[in-house]
Structure formats: structure tokens, C-alpha cells
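Protein chains: 2
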Amino acid sequence: MIEPFDDTYFMRKALNEAKIAFEKGEIPVGAIITIDNRIIARGHNLTETLTDVTAHAEMQAITAASNFLGGKYLQKCTLYVTLEPCQMCAGALYWSQISKIVYGARDKERGCINLKTKLHPKTIISGGILAGEASQLLKRFFIEKRNLN
Amino acid sequence: MIEPFDDTYFMRKALNEAKIAFEKGEIPVGAIITIDNRIIARGHNLTETLTDVTAHAEMQAITAASNFLGGKYLQKCTLYVTLEPCQMCAGALYWSQISKIVYGARDKERGCINLKTKLHPKTIISGGILAGEASQLLKRFFIEKRNLN
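Protein sequence lines, in the order shown, are assigned to chains A and B. Heads up: the first sequence begins at 1 in full-length UniProt numbering, then just goes up one per residue. Heads up: the second sequence begins at 1 in full-length UniProt numbering, then just goes up one per residue.
It should be emphasised that the hints constitute simulated quantities derived from the structure, not laboratory data. The structure presented is a predicted model; accordingly, all values stated were derived computationally and were not measured. Careful, some of the hints might be misleading.
Capping the alpha-carbon separation at 30 angstroms, the derived lysine-lysine pairs in DSS-like fashion look like this [what the hints assert, rightly or not]:
#: 1; chain 1: A; residue 1: Lys-145; chain 2: B; residue 2: Lys-145
#: 2; chain 1: B; residue 1: Lys-100; chain 2: A; residue 2: Lys-118
#: 3; chain 1: B; residue 1: Lys-108; chain 2: A; residue 2: Lys-122
#: 4; chain 1: B; residue 1: Lys-108; chain 2: A; residue 2: Lys-76
#: 5; chain 1: B; residue 1: Lys-116; chain 2: A; residue 2: Lys-76
#: 6; chain 1: B; residue 1: Lys-108; chain 2: B; residue 2: Lys-76
#: 7; chain 1: A; residue 1: Lys-76; chain 2: A; residue 2: Lys-139
#: 8; chain 1: A; residue 1: Lys-76; chain 2: B; residue 2: Lys-24
#: 9; chain 1: A; residue 1: Lys-100; chain 2: B; residue 2: Lys-13
#: 10; chain 1: B; residue 1: Lys-122; chain 2: A; residue 2: Lys-139
#: 11; chain 1: A; residue 1: Lys-122; chain 2: B; residue 2: Lys-76
#: 12; chain 1: B; residue 1: Lys-139; chain 2: A; residue 2: Lys-108
#: 13; chain 1: A; residue 1: Lys-139; chain 2: B; residue 2: Lys-118
#: 14; chain 1: B; residue 1: Lys-108; chain 2: B; residue 2: Lys-118
#: 15; chain 1: A; residue 1: Lys-118; chain 2: B; residue 2: Lys-108
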């Protein structure tokens, strides 16, 4: 069976990135950016590895996508990210003028929706794609971390 | 006369960074980060040079300060930035748990105050230091840019 290029297909690729973060001992969040159903950037959380709070998955992916496109605007792109973006990442996405944001799990405390971060008027946001898998991975990370301490 | 290590002294250093951005054809915003009255990081806007919307002055300074300190939290640090931080930068500052943010000019449209970006509860924010010089530099940039086009 041929897999369709739908939101679930691309979110699975973002989840793969989250799993790479997990293996590195990072809070497991992953992101990819597509244009015309083609993946042009990947990123996973690297805040511990790089000792840098700005190294979220989305930030890595935005930088990589701009690098690929040779331009700083991501107007025809879609970001797939396993966890709802925080204020910083949503603020970066605002500047990028990205077309579409698709997130997995909600982040009610630190996510951009409840904190009302302003997105670009041209940006559509939707979520809940593979949310269970994304949040399970996060839960497993925090349980394992607690048991180690 | 010995110059005192006050907010004006450090904001002047941030303004120097903004002038470097200006010379590079970048929107002139500069930032520095201090700890115990010592400058540990400098940054200026590089969004055009790096073709990257995330390359704001504050983001560069946060990354550089974390690198200098060898830790990702900036709890005893102060950021001096010539323009009120945007949502992205304020969101990054939230994660950094920085002690103090001092900005120069207000940004009523895209700044974190009117957009109500959440800061860390331990962070104090104040502004207006050398605001006239910071906004004059920005105005000059946009006038020159308009005349070139």
C-alpha cells in the first residue's frame, strides 16, 4: 500500500525527530517543514546538548528551511511539530510568515494558544495529529528522568 | 571623569551593536548581556546576513551568554537591548529565566508588552534608556532604505 502524503504521514516524520531527541536525553520534541509535500527541514530539541534555551526543534527547523530555500520567509511551507509551539517558537513562526502549523500534543501551560501569542494573519494552525504518541513519548521521558534522579 | 556602570552606560554598548547592524544593512537593533556589571555577550540583528528570521540581536546574545556561562539559565544576568523585545525574543528570555531586561525604544506594534508575552516571574522589565537615540537610528535606517528603493 502506498502511504498518502497527509498530515499523519508528515507528523510521523516529526515523531521520528522527537525520538532522536529522546535518545540524546533531550525533552522529546521533533519538527519538520514541508513545501509541496516535500520535506525541506528537520529539527529536534537540542537545548541540553547545545546548552541553549533557544535550541527548540522548531527553531532548528525554521533556520534549516530558510537555509534550504535561500530566503527567510516560509510562506508556502507547513511546519509539523509534535508539541504545540511555545511563545518563542510561535513568535519566530510569526516572523517567518509560514502558511500552516500542524502540532501533535497540546501544551496548555506553555503553548502559544493559551498564552495568546500572535501568529501571522496568513498562518493557519491546527493540532491533535498523533497527539497520543507525542504525549506518551514526553511522559515516558519525564518518568525515566525522575527515576534516574 | 569615571563613567558609572549604570543602565545608560550599558545601553550605550548595546547601541554600539545596533550601529554595527546598521552598517551591515540590517535593521539596527543591538543587545548586550551583563553579569555583575561585566559584559558577557554581545549581539546585533543579523536576519538579512544569515537569511534567518530567528537571528535577532537578543537571540544571538542569549546564545552567546549561555555559551560563556556554560549553562542555559541566565538567572543573574541583565539584557540591554535598544528596542523592546518581540514575542520570539521575550519567549526565549522567559526560558532563560533572566533577572532583568532593560530596553531602549518601545515597539508598540510588535513588542512583547502590548502583545502580552509571558515573562518569567523572576524577570523585571524596564525601558526608555537612550530611547531617543535608538529610535533615531531606526528611523534613519528606514528613511535611507526607502530612498534606495
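Tested hints:
{"no.": "1", "hint": "Lys-145/A x Lys-145/B", "verdict": "violated (52 angstroms)"}
{"no.": "2", "hint": "Lys-100/B x Lys-118/A", "verdict": "holds (24 angstroms)"}
{"no.": "3", "hint": "Lys-108/B x Lys-122/A", "verdict": "holds (21 angstroms)"}
{"no.": "4", "hint": "Lys-108/B x Lys-76/A", "verdict": "holds (28 angstroms)"}
{"no.": "5", "hint": "Lys-116/B x Lys-76/A", "verdict": "holds (28 angstroms)"}
{"no.": "6", "hint": "Lys-108/B x Lys-76/B", "verdict": "holds (28 angstroms)"}
{"no.": "7", "hint": "Lys-76/A x Lys-139/A", "verdict": "violated (33 angstroms)"}
{"no.": "8", "hint": "Lys-76/A x Lys-24/B", "verdict": "holds (28 angstroms)"}
{"no.": "9", "hint": "Lys-100/A x Lys-13/B", "verdict": "violated (39 angstroms)"}
{"no.": "10", "hint": "Lys-122/B x Lys-139/A", "verdict": "holds (27 angstroms)"}
{"no.": "11", "hint": "Lys-122/A x Lys-76/B", "verdict": "violated (39 angstroms)"}
{"no.": "12", "hint": "Lys-139/B x Lys-108/A", "verdict": "violated (39 angstroms)"}
{"no.": "13", "hint": "Lys-139/A x Lys-118/B", "verdict": "holds (25 angstroms)"}
{"no.": "14", "hint": "Lys-108/B x Lys-118/B", "verdict": "holds (16 angstroms)"}
{"no.": "15", "hint": "Lys-118/A x Lys-108/B", "verdict": "holds (14 angstroms)"}
When each numbered hint is compared with the structure, violations occur for hints 1, 7, 9, 11 and 12.
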